[in-house]
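Peer 1: Single-letter residue listing:
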Amino acid sequence: MAERSFKNEVEKLRLGAGEEFHGEGILAVTKALLQSGVSYVAGYQGAPISHLMDVLTDANDILEELGAHFEHSASEATAAATLAASVNYPLRGAITFKSTVGTNVASDALANLSSGGVTGGALIIVGEDYGEGSSIMQERSHAFAMKSQIWLLDPRPNLTSIVNAVEQGFELSEASNTPVMLELRIRACHVHGRFIAKDNVRPAFTLKDALENPVRDVSRIVLPPASFVHEQEKITKRWPAAVKFIEERQLNEFFADGAQDFGLVLQGGLYNTVINALVLLGLSDAFGNSKIPLYVMNVTYPVVDSEIDRFCSGKRAILMIEEGQPDYIEQNLHALLRRAGIPTTLHGKDMLPMAGEYTAAAMLKGILRFVQQYAPQLIDQTALPIAARPVTAGSKPFPVPVIDQEVHARPPSFCTGCPERPIFTALKLVERELGTHHVSSDIGCHLFSILPPFNLGATTMGYGLGAAGAAAFNTRETSKRAISFMGDGGFWHNGLTSGVGNAVFNKSDNLLVIVDNNYSAATGGQDLLSSRGANPLRVTQVPIENAVRGVGVKWVRKITNTYKLEDLRDSMREALTTTESGPKVIIAQSECMLNKQRREKPLVRKALKSGERVVRERFGVDSDTCTGDHSCIRLSGCPSLTIKPNPDPLRKDPVVTVQNSCVGCGLCGEVAHAAVLCPSFYRAATISNPTRFDRLRDRVRRTVIGFLQDRIERRLAGIESIH
Amino acid sequence: MNTTEVSFDRSRPAPRAIKIAILAMGGEGGGVLADWMVDMAEEAGYYAQTTSVPGVAQRTGATIYYLEMFAPVAGVGAGVAPVLGMMPTPGELDIVLASELMEAGRAVQRGLVTVDKTLLIASTHRVYSMTEKTAMADGRVDAQRLIEAGYAAAQRFVHADFARLAEQNGSVISAALFGALAGSGKLPFVRDQFEQAIRRGGVGIDTSLAAFNAGFAVGASPQAVAPSRAAIHAEPAAAAPGARLQPQATRIGRDFPAAVEPTLTAGVLRMADYQDEKYATDYLDRLAAICELDRRHGDGTYRLLNETARYLALWMSYEDTIRVADLKTRRSRFERVTQEIGAAKAQVVQINEFMHPRVEEIADTMPAALGRWLLATGWARSLVHRFAHKGRVIQTTSLRGYLLLYCVASLKGMRRKSLRFQAEHAKIAEWLGHIQTQAGADYALALEVAESQRLVKGYGDTHIRGTLNFDTLMAALPALRKGPDAASRLRRLREAALADDSGKQLAAMMSGVAA
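Here the protein sequences line up with chains A and B, keeping their order. For the first sequence, position 367 matches number 367 in UniProt numbering, and the numbering has no gaps at all. For the second sequence, position 374 matches number 374 in UniProt numbering, and the numbering has no gaps at all.
For the record, the hints were derived by calculation from the structure and aren't laboratory data. Where is the CB? At the ideal position from N, CA and C, for every residue including glycine. Just to be clear, a hint being listed does not mean it is correct.
What the hints assert, rightly or not - Under 7 angstroms between C-beta atoms, here's a sample of chain A residues computed to sit facing chain B:
hint	residue
1	Ala362
2	Ile403
3	Pro411
4	Pro412
5	Gly611
6	Glu612
7	Asp653
8	Tyr682
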C-alpha cells in the first residue's frame, strides 16, 4: 500500500477526446501513455517518479481494460530489460525510474537495448532528481543518452508539452528504431496544470499476439559480428532517421525568430524559468511572447545541426542555457558552429553558472548579463528586478536583517514513532560499551542515521550496497568488525547478492543489520516481496530470513519488535563479539510508522464511533523532575520529543516535553530504562469507551489514591499561599 | 514554428501572476493548502499552477510549495495559456505563508519576503530544530529576532500561533493559515470562495472551517507592531510563601536585598516542599555569608547572591528516589498528566512510570552507614543487583504502584540521615567554600563558580558525568587563579563541558589548563 493514494484521481485517466484534464504532471504522463496505446509499463519507484508508479498501481484496472501490463520491477535494470519486448515486436512499452541513480543501475540493459535497436516504441521516462530537494549525487542523464545513443526529450514543463512528448516519443522511437528517453525534472513531475485529452487507445498488436507468434532475429542480439553492425547502423541509419523525424514534426520550437540579431537556445525543461526571467526584465509578456528569439530544444539529444544553423545564421551571438555539467550541448554547438564556419559568438557557462541548479535568480542574472552585452537599450536599468540588482559594496539587494544564526538547517529525519530509530539508539548504546565502529550505510530512510542526533555512518555507495560498502573491511588482523545497514528495499533490489551472498562467499565476519519495515518506505511505502500485508496484485509475505539463510548465512537473529531496545542492543553486542565465523545478520523488523498509522487510524476512528473500547497510549515527561539535560533527545531524535520553556522559576534550561503527535511507540521508555536515563518519562494510557469493569476499578483506585493524596496535601498545606 | 509579433504597451501594467510560496515541513499539510488555493483560483476562472519538491523532504524536512495564479485577461483567446513559473524568484513574491517561525526566518533569509510587496503570514509556534533540541543546556534561538526580521522584511506581517488555533478547533495548521490568508484580503477572492474550496476538498470540512474561521480573524485584524520581548518570554508567575513560611519570608525581607527576593522566595518554597521549614531556614543560613560578601564586593546588583541562591536551591533539592516518588504521587501531578494528554472526563487514564533504581540509588536512600556497607559488600550488592538491574514500569494509577511510590516518598523523614544527603551536603559545603574564598579576590570568578553548578543535573550516568565535569572545573580553580581572566576561562570550560556529552571538548581544553 503506497503512502499516497491516487484512487480518485485515476478516474481522470478515462477522460475522452476534447475533455480538459486538470491535475499533476505524473498523472498526465500516465494519461499520455494510455493515449499512445502502450502495451506494457514497468518501473522502479524513487523521487520524483514514485507517484508515477503509485498512479500506475492505482490505475491497474484501467490498464488491464486496455490490454496493458504493468509491473513493479525488482530494480531499474529489470525495468530496462523489460523493454526487450519491443525489440522484435511492434509493442509500445514504457519504463520509469529515478535518474541518474536508476539509470546507473539500468545502464547495462539500456546499452544492450539501444545497440540492437527496437521495433516497437520504447520510452524511458526518467525523473531527473537534480537541484533543490534532491537526495542523490548531482549528475546528468544526458551522458547516458549520448553514450548509448538514446534520444533524449526534455519538453517544456507544461502538461500539453509533456503529453505531446510522450506521444511523439513513441513515434520517434519507431521512426528511428531507437529507444527514447523522456527527462522530467522534479518540479515538472509535481506541477499542477491542464491539457486537452484524447481517447485512450487499445494497442493493435498485443502481448498475446507476440506470445502466440514468437519472432527472433539474431541480427538484433549483441554478439559479434552484429554488435559492430549495430554501431554503424546507429550512425548511418537511425540517427538520420531521428533527425528527419524531429525536423519534420517540429519537435523543437522557434519563438520570435528574427526579432533580434541575437537569441537564446534552451533546454525545453527550462522554458518557464527563462520566460519568467524575460518577463521580469521586460522582454516578454506573461504569455511567452518574447522580444528575444528563442530556440527551445524539446529534444536535447541529438542536436539537429540544420536547426542550429538556421537559428544562428545572421545572429551576432547566442546564449546556450543548459543546466548542469558537463556542458555537453554547449560543447556540441561549439564544434558544430566551427565545422559549419558560422561566426556567431556562443555564450553559455561563461554567463551562467557552470554547476548547480538554474534557479530563477541564477537564470535572471545570466540572461541579463547576455542582453546587457548585446542590446543594453532593451533593459530598463531603473526597473531591474530585485534579484538581478547588482550587489555593490555596502548595499544589499535585500535590505533585511541578517538572521543567519536564528535559521538552522532542517534536513529530513526519522518520523514520529519510526521503528528504525531504536536500531540506531541501540547501536549508540553498544558503542558506549564496545567503542565506535566503522559503519557502512545504505540508501533509504535509515540513512538519516548519518545526521544528528545519531551521527552514525561513514559512507553510502548506493541502493542495496550497504554490506558491499564494508566488503574491504575483512581482515584477520583485528577482532573488530565493520557494521553495515541495508533496508528491505535495497535488500531485494540487489543487496541479497551484492551484499549478503558476497559476504558469505568471501568469509566476511562483519555485521549486517537489515532494516525490514514492510515497505519500500523512503520512496513512499510501496510493497515489496517481504511486505507483511496481502497485495491483490503482487506476491508478498516472503521472509527475508529465508533468503538470507538460503544464500548460506548461519548467524541470523530476527528482532520482530525493534522498539525492544535491550534485545537489539544485546543482539548487536553478540554479533560484534561472538567467535562464530561468517557474516552476522540481524533482521530488525517493525512496520513503518507512517504506513501503520495510515492503516490503523481509520480503524481506530471507526471503533471509537461504534462505541468500542479503545486504548490510546502516549508518552509524557514530568517537567518537575526533568533537569533539562536532553540526553533522551540525543538518543532518540523523535519529532514529537521536543523542548519547552522550563516552568520552574529557578531553572534556566528548557525541559523536555512530548507533543500530542506521540504515537506511543515505546522507545522513550525503553531508552529511559536501557540508558538508565531518568524517571521523568511516563506512559499514559487513555481508555475511551471504558468497560464497566474499567470504570469500577478506576473508581476504587481513585477513592484510595484520593485519600492518600488528601494526606499529602494536608502535609504541604501552608507552604505556599493560595491566592 | 511560432513566430509571434510582439507589441508591448508600456503605458498600462502588464498582466502578472500572483506569486505565492508556502514554507513548511514535510508532513504538515502544505500540499493541502496549495491544493485549496489552486482549486479556488481555477474555480474563479484563473490559470493556477503549483509545484513542489517533495523528495525526502516529506520526512519532516523543510520544504517549499510554490504557486502562481493568473487572472483571466480580456482579449486573450481561450487556450492561450500564460507561462507560469516553476519556482519562486527572490524579491517577486506577493504572499509567503510559513507554517512555523524558523521557516518564516528561512523565507526572509532566502529573500522571498520584500517590503515593497510581500504579505508574510507565519505561525509563531516553534518546532525546534535538532540543534536546539539536543543542546545539553539551552540551545534555543531567539524567537524575538525572527519576529523582528519578519516585520523588517515584509510589507505586512500577520502572525499568531496558528498551530494552537488549529488544535483548539481540532484541525490542522493549513486550515488556520488559509483562514488568515482569506482574512488578510490580499487575494482577489471573497471569503465564500475560500470556504467553498475547503468544502470541495471534502476532508474534515467542519473542523477545517472552524480553524479557518479562527485564522480569518487574525488575518483581518490590523497588527502593526512587534510584540515586546517580555510578552514573548513571559516568566512563570511566582508563588508566594504561605503561613508556615512566614518567619523565612520575614527574614528574606529583613536580611536580604530586594533584588534577590524572587529567587530566595522560590528557594525557601522549594526547600519546604522538598523537606521541611527547618530545611528552608538552613538554606537561608547558608546564604547569609554570601549575602554579606556580595554586599561588600559586588556592584549592588547582587548577581552572585542571586545565582548562588538559585543553584543552592536546586542542589539542596537534588532528585533522589524519595523526591521523584513524592512528586509523582501528588494530585496536582495526576491532574497535569490528564490535562497534558487531553483526556476527557468519560475516559479512564492510566499512568505508567519508567523507573530504574539501581544498587547505587537504593544505597543512596539508606542510612549512610548501611548504604556504604551495601556498596562495599560484594554479596549484598549482587543480591540487590539481581532485583534492580532491570528498569521497572510502575503503574501509579494502580493501588499497588501508588502505594509503593507513596511508601518511598514517606522515607522523607529519614532523608537527612541518608548516604546521598551526607555526600551532597559535603559537596555543597565545599562549593560554597569556593565561592566565599573567591568572592573577595575575584568576584567574577566567584560568580562563575556559582554558575558551574549548572553542570550537575540528570540521573544515573548523566548525573555522574555532570558531577565529574563539575569536579574537574573545581579542581582546576587553583591553576586558573594563577593566570589572567580566570572567570572567562572557567566560563569557557563550562561551555566546553556542555558542548558534547562525550567530554571531548572539555578534555581538550583541560589539557591547556593543566599546562
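Peer 1: Can A:Asp653 be said to touch chain B, with a Cβ gap under 7 angstroms?
Peer 2: holds (5 angstroms)
Peer 1: Does the closest beta carbon of chain B sit nearer than 7 angstroms to the beta carbon of A:Pro412?
Peer 2: With a closest approach of 3 angstroms, the A:Pro412 hint holds.
Peer 1: With a cut-off of 7 angstroms on the beta carbons, see whether A:Ala362 makes it to chain B.
Peer 2: For A:Ala362, the interface hint is violated, since the closest Cβ of chain B sits about 10 angstroms away, which is over 7 angstroms.
Peer 1: Was the hint right that A:Tyr682 lines chain B, CB cutoff 7 angstroms?
Peer 2: Result: holds, 5 angstroms to nearest chain B Cβ.
Peer 1: Can we keep the A:Glu612 interface hint, with Cβ of chain B closer than 7 angstroms?
Peer 2: A:Glu612 check fails; min Cβ-Cβ to chain B is 13 angstroms, beyond 7 angstroms.
Peer 1: Can you verify the interface hint for A:Pro411: is its Cβ closer than 7 angstroms to any Cβ in chain B?
Peer 2: holds (5 angstroms)
Peer 1: Are A:Gly611 and chain B close enough, Cβ to Cβ, to be under 7 angstroms, as the hint says?
Peer 2: violated (11 angstroms)
Peer 1: If you take the shortest Cβ to Cβ gap from A:Ile403 to chain B, is it below 7 angstroms?
Peer 2: With a closest approach of 5 angstroms, the A:Ile403 hint holds.
When held up to the earlier numbered hints, the structure conflicts with 1, 5 and 6 and fits the remainder.
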